[in-house]
Amino acid sequence: DTEVTQTPKHLVMGMTNKKSLKCEQHMGHRAMYWYKQKAKKPPELMFVYSYEKLSINESVPSRFSPECPNSSLLNLHLHALQPEDSALYLCASSQGASGGVYNEQFFGPGTRLTVL
Amino acid sequence: AQSVTQLDSQVPVFEEAPVELRCNYSSSVSVYLFWYVQYPNQGLQLLLKYLSGSTLVESINGFEAEFNKSQTSFHLRKPSVHISDTAEYFCAVGRNNAGNMLTFGGGTRLMVKP
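Those protein sequences? They're chains A and B, same order as listed.
The working numbering applies: residue 1 is where the first sequence begins, and numbers increase by one.
The working numbering applies: residue 117 is where the second sequence begins, and numbers increase by one.
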């Protein structure tokens, strides 16, 4: 299995809602990533998990809360979002995220989020 | 620090014509270079990559890119484009430091016209 899957494909939520995005991979990768992509812009890194521990948080607001329950699964919990948070949220995974050798990232198809 | 510059935000081209999408990078360390393609309303797909070895890399659908260390470039080329190649193309540089991070260029929208 060489896929990264993301659910749901589309999500519409109000500013007072709580929702979660899910990402899964079964390639045995030990690093997982969340990116945010606004229309006509490149992806921006949000979080990196390495061996199920948060290793990088790119100054993301606390209304976004990542969680890595096990090495195959990565969640992004959303609460009290703003309309400007509407974007495509991409998940990626790689064999590792430590120094020495670059490990290629494999991307999922994304969740398109609309905040009303 | 690393940066990636894609010199053209849009490239219109007629079907069956050749195309070149330009990418320049700056980095003080060894680089790993990638081209990703994003079709409308879809996620990112890896098109091709340079990690080491031969400086000319090819994809299965006719694209190629050449790593030029002296010019710090990794331009993407295709000798004859199809309508189905219409998409956003992102050049990216990977770092092998902690975090295994990718730095993306701003993207180039390839628009193939009949």
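Hints were generated in silico from the structure; no laboratory data involved.
The beta carbon of each residue, even a glycine, is placed where N, CA and C say it ideally should be.
Wrong hints could be hidden among the right ones.
[Unchecked claim] If you anchor each label on the Cβ, the simulated ranges turn out as follows: (1) B:P156 to A:Q82: 17 to 27 Å; (2) B:N177 to A:S65: 31 to 41 Å; (3) A:T16 to B:G169: 45 to 55 Å; (4) B:N177 to A:A80: 37 to 47 Å.
Going through the hints against the structure:
1. B:P156 to A:Q82: 17 to 27 Å: Cβ of B:P156 to Cβ of A:Q82: about 25 Å, so the range 17 to 27 Å holds.
2. B:N177 to A:S65: 31 to 41 Å: holds, 39 Å
3. A:T16 to B:G169: 45 to 55 Å: holds, 53 Å
4. B:N177 to A:A80: 37 to 47 Å: holds, 43 Å
Violated hints are absent here; each numbered hint is respected by the structure.
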